[in-house]
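Protein chains in written order, with full-length UniProt numbering: chain A, 1 to 333; chain B, 1 to 333.
The set of hints was computed from the structure by calculation and includes no laboratory data.
Be a bit skeptical, because a hint or two may be false.
Label-pair distances were calculated between CB atoms; the ranges are [as the list claims (entries may be wrong)]:
id : chain 1 : residue 1 : chain 2 : residue 2 : range
1  : A       : Glu236    : B       : Lys43     : 39 to 45 angstroms
2  : A       : Lys221    : B       : Ser13     : 32 to 38 angstroms
3  : B       : Lys229    : A       : Lys243    : 47 to 53 angstroms
4  : A       : Asp320    : B       : Ala139    : 47 to 53 angstroms
5  : A       : Thr230    : B       : Asn249    : 36 to 42 angstroms
Residues from chain B shown here face chain A by an in silico Cβ test under 8 angstroms; the list is partial [claimed, not checked]:
id : residue
6  : Ser54
7  : Gly55
8  : Ser192
9  : Gln195
10 : Glu220
11 : Ile223
12 : Glu268
13 : Asp320
14 : Pro322
All C-beta atoms in this analysis are idealised placements derived from N, C-alpha and C, irrespective of residue type, glycine included.
2 protein chains.
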Amino acid sequence: MKKFINNPEDVVSEALTGFVDCYSNYYEKHEEVNGVLLKNRRKDKVALVIGGGSGHEPMFSGFVGKGLGDAAACGNIFASPDPGTIYETAMAVENSKGVLFVYGNYAGDNLNFDMAEELLEEDGVKSTHVRVWDDCASAPKDRLTDRRGIAGDLFVVKIAGAACDAGLELDEVKATAEMARDNLRSIGVASSPGQIPGLDKPTFEIADDEMEYGMGIHGEKGIERTKMKTVDEITEYLYFNIKKDMEINSGDEVCVLINGLGSTTILEMSIAYRKLKELLDADGVQVHDSDINSYCTCQEMGGFSISILKLNEELKKLYDMPCYCPYYAKEGK
Amino acid sequence: MKKFINNPEDVVSEALTGFVDCYSNYYEKHEEVNGVLLKNRRKDKVALVIGGGSGHEPMFSGFVGKGLGDAAACGNIFASPDPGTIYETAMAVENSKGVLFVYGNYAGDNLNFDMAEELLEEDGVKSTHVRVWDDCASAPKDRLTDRRGIAGDLFVVKIAGAACDAGLELDEVKATAEMARDNLRSIGVASSPGQIPGLDKPTFEIADDEMEYGMGIHGEKGIERTKMKTVDEITEYLYFNIKKDMEINSGDEVCVLINGLGSTTILEMSIAYRKLKELLDADGVQVHDSDINSYCTCQEMGGFSISILKLNEELKKLYDMPCYCPYYAKEGK
Numbered sequence: 001m002k003k004f005i006n007n008p009e010d011v012v013s014e015a016l017t018g019f020v021d022c023y024s025n026y027y028e029k030h031e032e033v034n035g036v037l038l039k040n041r042r043k044d045k046v047a048l049v050i051g052g053g054s055g056h057e058p059m060f061s062g063f064v065g066k067g068l069g070d071a072a073a074c075g076n077i078f079a080s081p082d083p084g085t086i087y088e089t090a091m092a093v094e095n096s097k098g099v100l101f102v103y104g105n106y107a108g109d110n111l112n113f114d115m116a117e118e119l120l121e122e123d124g125v126k127s128t129h130v131r132v133w134d135d136c137a138s139a140p141k142d143r144l145t146d147r148r149g150i151a152g153d154l155f156v157v158k159i160a161g162a163a164c165d166a167g168l169e170l171d172e173v174k175a176t177a178e179m180a181r182d183n184l185r186s187i188g189v190a191s192s193p194g195q196i197p198g199l200d201k202p203t204f205e206i207a208d209d210e211m212e213y214g215m216g217i218h219g220e221k222g223i224e225r226t227k228m229k230t231v232d233e234i235t236e237y238l239y240f241n242i243k244k245d246m247e248i249n250s251g252d253e254v255c256v257l258i259n260g261l262g263s264t265t266i267l268e269m270s271i272a273y274r275k276l277k278e279l280l281d282a283d284g285v286q287v288h289d290s291d292i293n294s295y296c297t298c299q300e301m302g303g304f305s306i307s308i309l310k311l312n313e314e315l316k317k318l319y320d321m322p323c324y325c326p327y328y329a330k331e332g333k
Numbered sequence: 001m002k003k004f005i006n007n008p009e010d011v012v013s014e015a016l017t018g019f020v021d022c023y024s025n026y027y028e029k030h031e032e033v034n035g036v037l038l039k040n041r042r043k044d045k046v047a048l049v050i051g052g053g054s055g056h057e058p059m060f061s062g063f064v065g066k067g068l069g070d071a072a073a074c075g076n077i078f079a080s081p082d083p084g085t086i087y088e089t090a091m092a093v094e095n096s097k098g099v100l101f102v103y104g105n106y107a108g109d110n111l112n113f114d115m116a117e118e119l120l121e122e123d124g125v126k127s128t129h130v131r132v133w134d135d136c137a138s139a140p141k142d143r144l145t146d147r148r149g150i151a152g153d154l155f156v157v158k159i160a161g162a163a164c165d166a167g168l169e170l171d172e173v174k175a176t177a178e179m180a181r182d183n184l185r186s187i188g189v190a191s192s193p194g195q196i197p198g199l200d201k202p203t204f205e206i207a208d209d210e211m212e213y214g215m216g217i218h219g220e221k222g223i224e225r226t227k228m229k230t231v232d233e234i235t236e237y238l239y240f241n242i243k244k245d246m247e248i249n250s251g252d253e254v255c256v257l258i259n260g261l262g263s264t265t266i267l268e269m270s271i272a273y274r275k276l277k278e279l280l281d282a283d284g285v286q287v288h289d290s291d292i293n294s295y296c297t298c299q300e301m302g303g304f305s306i307s308i309l310k311l312n313e314e315l316k317k318l319y320d321m322p323c324y325c326p327y328y329a330k331e332g333k
């Protein structure tokens, strides 16, 4: 696997430098750690700090923006940022109204973000967290907290960012972000692996005519490997698995994300969306807003996921607030 | 190559249906042809119609929006839209102030867009065109009109869209878009091919340790095939080739796009941007704005291109006007 890199060890620091250089109208890099900070951010609100391992770009660094994250703490590729990075990143953006951390539910992230919260507490800075576990393929329904966070992270960041902007207090922002998380399910399919720069093997192996449902965004094992199917069949399978997990009724309003894992094209994902819309229409479910993009990738992995966020009045109001960053902009309604 | 499709023959029509379904808050599909139309568009200005072959998503359908294209005429994969499609798409959005077509400089597109212009003329609708030929690897400097259009299309669409919004007349919009085109150069590098859905072979072959400079976005032959190099070496090569072709002086202001061809990650392109910024800084060139994204793809092709737009006062003013579509939003300055 050919990669456009220099020294594999420098990938994350060089990429963060370039990323912040490119978007220097919006971002600055933390002077000491791998944290991306929003310039000209509001200082009168709860600070939203997001983060996790690198390698999933634009997630998380690309979701720092107005009405989104105030900062992102970035780890090495597929590795949690260390507690010091998280702590310093949070300290750089906290405004004495407290810090909400939003991140994917992985053991390393949980441990390191918790340690950062302890460090903040020692400094008298209030903080709390919402762990996203939207991947309904990664553990059974009665073990929600064992599930992984995948592309649905974006919806929780969007809602939490809007709640911060709306002036809610820390415990209210947390409750709202949890509401988004609990109304959200995702599931994906993979057809080819990604590869970490510098390693000589991809994250998994799969035959030329096979695909696997439910794989994670680091190549974690899924729930079923089969021969390649049509995208209509795949979309039905994914949607029915989400419906098995979350009640979706006629009259419900939802937001939908079809997320590419790296090398799957907008063309292919648009075909999937077409089928999904048919299925939602047949169920009487109304789509409030939707996106097709590669927001949470696993390097150049092939495949995509479907995320569905069920709205209620509160979530809809927050979803409809505007947000802006170079990778994700909503005009607001 | 596994693709997420149904019947290969239905890829473009199914994808366009899904794409327009997904962004139905913004777009509608032309009832008869493969045209994407902006809803709620301004009716008091020159209509900007963009288009070309499908398979490069989000280019072109994804650049229909406020301050961007009013509509996109979409061909089959890597094939120009037919004259009827272009004509009908233009007729659906023209406002009696004339139509400007912006598209990449390819024989098929040139022929079909010209024929559509003749059809419009028969109906008494004024139209003209700007062909984008930003790829400086595709023909020598004294044969500009033999060059191909690649990712730099986006800059010409941005400037033309802003010129339309600013209320310029058709001939002025054309002159402005040509000014953008003439101040723009791009060049790319490829490391792996893309594949058209339904075909059993990729667009080209390349060894596991090789890359090629100057390849086109349909896999057209480039200017030099070599062993894989570091991204810093590649970035220097690309920048120096642009500088050989276009005068860039200390004090100049530029906009920069690093465009991924499909499977190349934001992480990798960010490292390239870091090097490019060093080189521009050393030359005393100021970056006014920049992006790292996969805006003009060749299915899941590996590689990226650098596009540089040299600004003058007029181009800068137009570039700084706001625009919005789901794939490309600028807040304006």
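Cross-check of the supplied hints:
1. Glu236(A) - Lys43(B): 39 to 45 angstroms: 41 angstroms, holds
2. Lys221(A) - Ser13(B): 32 to 38 angstroms: Given about 36 angstroms between the Cβ atoms, the range holds.
3. Lys229(B) - Lys243(A): 47 to 53 angstroms: 49 angstroms, holds
4. Asp320(A) - Ala139(B): 47 to 53 angstroms: At roughly 49 angstroms between Cβ atoms, Ala139(B) and Asp320(A) fall inside 47 to 53 angstroms, so the hint holds.
5. Thr230(A) - Asn249(B): 36 to 42 angstroms: 55 angstroms, violated
6. Ser54: Since the shortest Cβ distance to chain A is 7 angstroms, the answer is holds.
7. Gly55: 7 angstroms, holds
8. Ser192: Nearest chain A Cβ about 7 angstroms off; hint holds.
9. Gln195: 10 angstroms, violated
10. Glu220: Given a least distance of 19 angstroms, the restraint on Glu220(B) is violated.
11. Ile223: 18 angstroms, violated
12. Glu268: 4 angstroms, holds
13. Asp320: 11 angstroms, violated
14. Pro322: 10 angstroms, violated
Comparing the model with each numbered hint stated earlier shows that hints 5, 9, 10, 11, 13, 14 do not hold.
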